[in-house]
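Please put together the full structure from these sequences, using the hints given.
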Amino acid sequence: MTGPAPTGLPVEASVPAVQGALATAGAAVVQAPPGAGKTTVVPLRLLDEPWLLGRVVVLEPRRLATRAAARRMASLLGEPVGATVGYTTRDERRVSAATRVEVVTEGVLTRRLQRAPSLPGVALVVFDEVHERNLQTDLAMALTLDTRARCRPDLRLLAMSATLDTARVADLLGGAPVVSSEGRQYPVEVRWAPPRPRQRLAESAAAAVERALRETEGDMLVFLPGAGDIRRVQSLLAGVGDRVDVLALFGALPVAEQDRALEASVPGRRRVVLSTDIAETSLTVEGVRVVVDAGQARIPRYDARTGLSRLQTVTASRASADQRAGRAGRTEPGTAYRLWSKMEHAARRPFATPEIELVDLAGFALDLAIWGKSAADLRWLDPPPERALDEAQALLRSLGAVDGDGRPTGEGRAMAELPLHPRLARMVTGSVDRGLGPVACVLAALLEDRDVLRGTPDEIPVDAEVRARLIADDRARHPLADRAALASARRRAAEIAGRAGVAPGAARGRPAATGGYSPGPGAGPGPGPGPGPGPGPGPGPGNGHGPAPGECGRALALAYPDRIAQARGGARFRLRNGTGAWVPKGDPLADEAFLVVAELDADRRDSRVRMAAALDAADLDGAAGAAPETSVDLHFDGQRGEVRRTVTRRLDGLVLSSSAGPAGPGPETVAALVAEVRARGVGVLAWSDGARALQARLSFLRATFGEPWPDVSDGALATGVEHWLPPALRTGRLKSVDVARVLRGRVPLSVAGRLDELAPANVTVASGRSLAVDYRGERPKVSGRVQDFFGTTEHPTVAGGRVAVLVELLSPAARPVQLTSDLPGFWAGSYAAVRRDLAGRYPKHHWPEDPSAAPHRPPRPPRPGGGTGNGRGRPNRPPARRRRR
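Going by the numbering used here, the first residue of the sequence shown is number 1337, and it counts up by one from there.
You may find that some hints are simply not true.
[Claimed, not checked] Using C-beta positions, here's what the derived DEER-type ranges look like:
1. R1985 - D2092: 53 to 59 Å
2. G1510 - A1954: 56 to 62 Å
3. P2152 - D1973: 39 to 45 Å
4. D1973 - S2166: 54 to 60 Å
I should point out that these hints are in silico values taken from the structure, not numbers from a laboratory. Backbone N, C-alpha and C fix where the C-beta goes; we use that ideal spot for every residue, glycine too.
Here it is, written out as structure tokens:
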């Protein structure tokens, strides 16, 4: 027998059913409560199955759980890790040729599938803790199912969980049998301990721990949202008792500290393990009889407005609370303290929301692109939201990870090899050739974990370079430095550098005394226990000088090309997508022209920038996907009457530069002018009085004779503007168009010579005066003083005598007297009455009794002597010169 001796764990009774299901159906679903032993027992019991001709790969959702599960299975076999049972995480691998059970993290399985879709040498894939619905678990299951359908029908699948919608999972696995294990659960007494008004979480949790120490016995597991909360509670419990060990347990801790928290307590001492939800189901903490549950969890959520995934503290579901409480009843009756009320518990969500519906899908989308299938072509428990997936694919295009058709580029494949978000992976891969590799590794380590500076938002500087220098330069100091976070970031930066093949050290920096931090002996006063920011872990970031000026901005622009921001005054900026952002006015970055924003608070209309770096305008062209575009816009300026040419250099919503001037001659200018006339009418042209008069004359002839006289109305001209306007343009200005010449050019040559004959611009009357004919009314009309028409015996006509001109007779003061279309009739008729009236008002003028026979009397010549006279028979004299004083 290859497996271990009987363990006595409840799941042992279900093992035969699991073996039979896998042998016949090739897939199975195991449902067993926490503590049943499914993770460590079931894989080992399958080692002697005749169909198991390869390795068992067990997928765990967390690195800490991966190592712990492998060690537990190895201990059951009495072997060291790396023999029959081994494990692989993104940073560590302990396997050998003898390894038959390999526990891996989610990303490891996905990478193996991408490299070798047939999974050679693997006979069974076990998906543990499926109920947690992590994004990578859903992805790995979808890819594995596709592999099984395409090329590995012999590949067996096993899904295991504490609480699970077994029917849905069984259906996803092709109707797999469901095996349930009742487990062994002792009763757990739930005690409600809601916080006092205005009591903070850390204070409430510490008070509950002290209460539980008084009221209960045994080791205690305390569930808190995150590492920061754990550190605060740990500080509050520093003096809880000499025989109590307060230990922390979360993923970012060094392995030795994680192992210490998982070990059984020393006889005579009590353990208080402060843990994140990592210990909820996928990890066993030995000896626990008491649980204190803060009832909260930190989960990633996707913000569609900013394209960010941020960890947010949310209320844990009822199912999560039940699993946490169950940890107290695994070996004997226990007690669970819940830091909320029973009424509040009833209002909580029954289950947690799948991560695929909450987070940024950029890495997920890149994996799908490399796999070569769309999400619609794969099988999911819950398919990815279309909008989030579309935005993820757009981000990948901006990063250069996929082409316009969604296929992965060489850069995208290189990015997928790094265990980083695609933004950070692009920053690292793209920085190597630019000489920014060490800086990019430091920034990637900084951005994927918590900030290395601690304090209030108004205290912490925005500049990412301050943080990068603290990580890269072991001599740099800052009063807000978090020493534990610095140590973690340095380790992670070295790991990333090793994976990316980046040479160690960031050795082109300015003196470390610049930028609000300074070298000095000893560790800075940053909060948190642990080693100070002294020498880094061997060669790599932490031993050299900090980044040179501008390096952080150039590197960050590769990761965040969509978050380049331009100053708009008053410490406010505009992001590339058009949204607003701001930095505190006293911050050194407030006066920069351009920033690359790495972190921002998107809870407000204008987001507050939490972390950014200055970017030189000259570096915009070098940012991945950030090449500015130059556009030329031609528009008509109504005030100037010309086409203006505006050249704009733009980066999406950012206007980098703009210049305007008159558009030169060319087809685009002509097209713009034609469009303007068509849209606004020919009234935009520079019409002279003569041009309008000519338009009226031609319109009269068109109305009188019809064709071939042209239609030159405003509407007709606008309709055919593309024909007559281009030849008439001499410059890019409409005012340069000679409209009268355009109108004459539209008259056919066959009738052009008769224009002045049929529609004369003026008629000459008996007085010898030439009077203008107005063709704009219903009938042509001339206006003149009554005396101008003395001696006229025939009424004026146009159109070859067809149309009598309407004559408007005016008084000497140019006031209307009579409107007539029959001058001879007027002389013989109503003139007598008009004459009496005019003679009375204008006695100095000559009013003959028979105007048709009376010659026109010319005006009196001026008196000799110059001037026009002064009314007293003396000529006007020029004014005398003023005498100078």
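We went through each hint and held it up to the structure:
1. R1985 - D2092: 53 to 59 Å: The hinted range 53 to 59 Å holds for R1985 and D2092, with Cβ atoms some 56 Å apart.
2. G1510 - A1954: 56 to 62 Å: Since the Cβ atoms of G1510 and A1954 sit about 58 Å apart, the hinted range of 56 to 62 Å holds.
3. P2152 - D1973: 39 to 45 Å: holds, 42 Å
4. D1973 - S2166: 54 to 60 Å: holds, 55 Å
Violated hints are absent here; each numbered hint is respected by the structure.
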